[in-house]
Every structure is written in C-alpha cells, then in structure tokens.
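Participant: For the sequence shown, the numbering used here gives the first residue as 25, with consecutive numbering after it.
What the hints contain is simulated information worked out from the structure, not anything from laboratory work.
Do not rely on the hints blindly, as some may be mistaken.
What the hints assert, rightly or not - Cβ pair distances, simulated, as ranges:
no., residue 1, residue 2, range
1, Lys-111, Val-85, 37 to 45 Å
2, Gly-124, Asp-61, 23 to 31 Å
3, Lys-126, Glu-84, 45 to 53 Å
4, Asn-130, Glu-79, 44 to 52 Å
5, Gly-60, Lys-147, 43 to 51 Å
6, Asp-61, Glu-121, 17 to 25 Å
7, Cys-123, Lys-53, 35 to 43 Å
8, Lys-38, Leu-94, 20 to 28 Å
Glycine included, C-beta positions come from ideal geometry on N, C-alpha and C.
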Amino acid sequence: MNQKALKKIKEKLKREKLQIEKELESFAKRDKKVEGDWDARFPKWNGGGSSSNMEIAADEVEEYSKLLSLEYVLEIRLKNINLALEKIKKKKYGVCEKCGKKIPDNRLEVYPEARYCLKCKLKKQV
Numbered sequence: 025m026n027q028k029a030l031k032k033i034k035e036k037l038k039r040e041k042l043q044i045e046k047e048l049e050s051f052a053k054r055d056k057k058v059e060g061d062w063d064a065r066f067p068k069w070n071g072g073g074s075s076s077n078m079e080i081a082a083d084e085v086e087e088y089s090k091l092l093s094l095e096y097v098l099e100i101r102l103k104n105i106n107l108a109l110e111k112i113k114k115k116k117y118g119v120c121e122k123c124g125k126k127i128p129d130n131r132l133e134v135y136p137e138a139r140y141c142l143k144c145k146l147k148k149q150v
C-alpha cells in the first residue's frame with residue numbers, strides 16, 4: 025500500500041474513532057479503570073408504585089438492555105480501530121493476523137480495521 029493511500033486510511037480510522045467515541049459518550053461513560061471499556065448509564069427511576077410508573081420503568085430497562093448491546097458492538101469496533109492505528113504506527117498494518125499474508129488494499133479501503141484477509145475471516149466464521 026502506498027503512503028498516500030495509507031495516510032487516507034489513517035485519517036478515516038481517526039474520524040471513525042471520534043465518531044464512535046462521540047456516540048458512546050451519548051449514553052455511556054468511560055471506565056477509568058479499564059482501557060477501552062465503557063459503561064452504559066442505567067436510567068434513574070424515581071420509584072412510585074402506579075402502573076404507569078412501572079411501565080415507564082420497564083421501558084427504561086428495555087432501552088438500557090438495547091444500549092448494552094450497542095455499547096458492546098461499538099467497543100469492539102473501537103478496539104479494532106485502535107489496533108489498526110497501532111499497527112500503522114508500528115508499520116505492521118495490512119497483514120492478516122492468522123496467515124501472515126498481505127490483506128488486499130481494496131479490503132482495507134472498505135474495512136480499514138480488518139485484522140484478517142477475507143479467506144481467513146471466512147474460515148474463522150465457520
């Protein structure tokens with residue numbers, strides 16, 4: 025991969041990282057003890073025993089469970105982006121972690137945080 029293309033990918037990764045962090049900040053807070061970990065904020069419930077209050081609380085718990093799933097997906101994506109940026113820094117970017125072969129440039133352009141070539145990725149899923 026030429027330096028111009030690598031620079032373009034690096035900038036794309038940085039933009040995606042900022043976008044994911046911004047999205048995570050909208051519903052979660054960084055865990056200061058564990059690098060790369062975020063904790064979705066649980067909704068505050070004022071209590072009350074009426075059925076409408078219970079429905080509101082149930083809706084908030086349901087929303088929280090959806091946010092936990094989203095948090096997990098975004099954390100994994102952020103981890104992979106950080107790994108890709110670190111590989112660029114160490115000049116080890118674009119090499120499949122499984123077979124050690126070069127990941128095709130067109131795959132990296134579409135999915136710049138790719139850790140595996142398509143062949144190994146497909147084997148891994150089976």
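Participant: Using the Cβ atoms, figure out if Asp-61 sits within 17 to 25 Å of Glu-121.
Facilitator: Since the Cβ atoms of Asp-61 and Glu-121 sit about 22 Å apart, the hinted range of 17 to 25 Å holds.
Participant: That 20 to 28 Å hint for Lys-38 and Leu-94 (C-beta), does it hold up?
Facilitator: Hint holds: Cβ distance 22 Å, inside 20 to 28 Å.
Participant: May I ask you to test the hint 23 to 31 Å on the CB atoms belonging to Gly-124 and Asp-61?
Facilitator: 30 Å, holds
Participant: Between Gly-60 and Lys-147, does the beta-carbon spacing fit 43 to 51 Å?
Facilitator: Violated - the Cβ-Cβ distance for Gly-60 and Lys-147, about 27 Å, lies outside 43 to 51 Å.
Participant: Between the beta carbons of Lys-126 and Glu-84, is the distance compatible with 45 to 53 Å?
Facilitator: Hint holds: Cβ distance 48 Å, inside 45 to 53 Å.
Participant: Holds or violated: 35 to 43 Å for the Cβ distance of Cys-123 and Lys-53?
Facilitator: Distance hint for Cys-123, Lys-53 holds at roughly 39 Å.
Participant: Given the hint of 44 to 52 Å, is the C-beta distance from Asn-130 to Glu-79 inside that range or not?
Facilitator: 50 Å, holds
Participant: Note whether the CB distance of Lys-111 and Val-85 lies within 37 to 45 Å or breaks it.
Facilitator: Cβ of Lys-111 to Cβ of Val-85: about 39 Å, so the range 37 to 45 Å holds.
When each numbered hint is compared with the structure, a violation occurs for hint 5 only.
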